[in-house]
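Q: Residues per chain are reported as follows:
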Amino acid sequence: MLHQLFQKIIRSGIGRSRRIMASIGLFIAMLLIFAAVQTQVNYNELLHGASNQDSIANFLVINKKIDGNVRDNTLTNQQVSELQQQPFIEEIGQLTASRFKVSAQSPSDNFPFYTDLFFESVPDKFIDVHSKDWKWEEGSTSIPLIIPNQFLDLYNFGFAPSQNLVQLTQSMVMSIPIVLNIHHQGQLVQFTGRVVGFSDRISSVLVPQNFLLWANKRFSSQAAAQPSRVVIRTNDPGNPQLVEYLQKSGLVTDADKTRFSKYRQIVNTIVNASWITGATMLLFALLVFSLFIQLTIAATKTEINLLITLGTSPKQLQKFLLKQFLPINIFITVLCLVIVAMLQWWLATFLKQQSMNISPLVSYFTIIAAAIILLVLWFVNVRTISKYIKQTEV
Amino acid sequence: MQLQIQHLIPIPLREKIQSRTSGIWNQQVVFGPGEWVKIKAPSGTGKTTLMNMLYKVRHDYEGDILWGIRNLKEINGVTLAEKRQNEVSVIFQDMRLFPNLTARENIELKRVLGTQMYQANKIEEMAERLGILSILKQPAAICSYGEQQRIAIIRALMQPFKWLMMDEPFSHLDKENTAKAAALIAEECTKRGAGFILTDLDDDDHFAYTQHYTL
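Chains as they are written, first to last, in the working numbering: chain A, 339 to 732; chain B, 103 to 317.
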């Protein structure tokens, strides 16, 4: 009853068009800021989400840029540890090179080949080939090998047609045993090699790391050398920071994988700009809304004054005024959330067709943002109301 | 609750007051609980000013006013509202009704504002006694002064109080209606054991006053 009386007394001060304008301002601003938060979340999900992960893209082989002037292109310990400290590098695996002479030849005269060879090894977790044969135990003369996919491509599409040779499938290559000769103090030590997989990631001839450590110790007369290449694991190969860092340090990597960093930078800027625009709009909307409250109170100053004279508690008035303004705010917040949720669902369906996966539901962050904004709105309401009631009181 | 006035001087009237003697201004006055006080005040002596100061709608004075043991200057906000809802009621000379509310709504506002003392039908009962039952549904803006004054009187009586401040409460009423209103006010004050302060231009015998002052 009291509420209705207050309403009748104060209603005249709340202009209908003013209320609508203030609400529209708040609505647009809130929609913008929710959309900005949701965009940010989607963007991150597209970049880092498990379903969008590309297994190759996360590993990069890094080496010094060869410019022909410097003989030593190995990476120093310092450089490696510096790489390790970069925030965008999650893990680093050094490629160990063989320090002995090795050659490979065919065991059969039907299919003759001979080549000098080298080995490299890297911790298993950096290898993109998973094979149960990828192991070596001391005493075994059988060595599993992983060769780059490009090797086979070079042979199949370049070498074989020009020499009128048979093109080979991966399984054919894997079935051929290879005789490996290691030269040690003028003697030959023979092993049998077998290709167990093809790597897209590391363009080198890989052997199990324990074998290479053993063989280097056993057959090498040279001291341990510095690695000239490392494999890094990064959560984001398109990260502009990574590219910038590599450039600055004179390092290079597979350009294909970092090519997107430029686009990323642009998209980043746009996403950030949408944030700032949304936040600025919200700030203005809050201002508009608090001005609207001020204006309402100013317009009904006489009535509020008389109400207080008659013994209305500032608390009662505050509660009443809050009830006038807060429901609109809550309604607008919920409405904006619903709209963003609908847009999100539509976007998820659309992106699915482009085989990009984002959650069809609104993210927690958006909901948390909504809660925070509502809290801010409530705070602005309470503050404005109590401030202006106090001014009217005297 | 007793009311005290200690050397009260309204700043705008300072010189005027110092040039003559007054029973209230610049005096030490105590109104005991339940006293029915008449303050006779010729025109221009600050009658309305005094009532406004006693009810704390004016602050431009020197000296002190105490509601009970508390200085009125220190009663603010929520506490002031509580006191106005439960302990001190008022009838302004200029009535101060909400023009866009009906007569009934103006009264109802005071009935439901704080602790509810009366049921809603008390409004009709009192309106009938004062002869304004028929205009209860009219907006206050179009009621005559006499009707407005009676609305203001009933409004003041809708709440619990220990003191009732009345500033020329019958100025727009004829003798017959004045008698009815005075009887109602006396009845309500007796019921509450409450005191009142009434200011008027001349002597009168509307109530059985216990104290008389001249401003």
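To be clear, the hints were calculated from the coordinates, so they are not data collected in a lab.
Note that beta-carbon positions come from the ideal geometry of N, C-alpha and C, so glycine has one too.
Heads up, some of the hints might be wrong.
[What the hints assert, rightly or not] If we take Cβ atoms under 7 Å as the criterion, some of the chain A residues that face chain B in the derived model are:
#1 L340
#2 L343
#3 V511
#4 S651
#5 R721
[What the hints assert, rightly or not] Quick list of in silico lysine to aspartate or glutamate cross-link-like pairs, EDC-like style, CA-CA up to 20 Å:
#6 K224(B) - D162(B)
#7 K439(A) - D454(A)
#8 K657(A) - E184(B)
#9 K402(A) - E420(A)
#10 K728(A) - D302(B)
#11 K239(B) - E137(B)
#12 K653(A) - D196(B)
#13 K600(A) - E582(A)
#14 K282(B) - D302(B)
#15 K653(A) - E184(B)
#16 K282(B) - E230(B)
#17 K728(A) - D196(B)
#18 K239(B) - E278(B)
#19 K653(A) - E230(B)
#20 K142(B) - D307(B)
#21 K158(B) - E189(B)
#22 K725(A) - D574(A)
#23 K403(A) - E582(A)
#24 K586(A) - D574(A)
#25 K728(A) - D306(B)
#26 K639(A) - D196(B)
#27 K586(A) - D447(A)
#28 K142(B) - D196(B)
#29 K277(B) - D306(B)
Q: If a hint holds in the structure, say so; if it does not, say that too.
A: Here's how the hints hold up against the structure:
no., hint, in the structure
1, L340, "holds, 5 Å"
2, L343, "holds, 5 Å"
3, V511, "violated, 88 Å"
4, S651, "holds, 4 Å"
5, R721, "violated, 16 Å"
6, K224(B) - D162(B), "violated, 38 Å"
7, K439(A) - D454(A), "holds, 8 Å"
8, K657(A) - E184(B), "holds, 16 Å"
9, K402(A) - E420(A), "holds, 14 Å"
10, K728(A) - D302(B), "violated, 33 Å"
11, K239(B) - E137(B), "violated, 36 Å"
12, K653(A) - D196(B), "violated, 27 Å"
13, K600(A) - E582(A), "holds, 10 Å"
14, K282(B) - D302(B), "holds, 18 Å"
15, K653(A) - E184(B), "holds, 11 Å"
16, K282(B) - E230(B), "holds, 11 Å"
17, K728(A) - D196(B), "violated, 24 Å"
18, K239(B) - E278(B), "violated, 24 Å"
19, K653(A) - E230(B), "violated, 34 Å"
20, K142(B) - D307(B), "holds, 12 Å"
21, K158(B) - E189(B), "holds, 13 Å"
22, K725(A) - D574(A), "violated, 50 Å"
23, K403(A) - E582(A), "holds, 14 Å"
24, K586(A) - D574(A), "holds, 18 Å"
25, K728(A) - D306(B), "violated, 41 Å"
26, K639(A) - D196(B), "holds, 18 Å"
27, K586(A) - D447(A), "violated, 51 Å"
28, K142(B) - D196(B), "holds, 18 Å"
29, K277(B) - D306(B), "holds, 11 Å"
Hints 3, 5, 6, 10, 11, 12, 17, 18, 19, 22, 25 and 27 from the list above are not met by this structure, while the remaining hints are.
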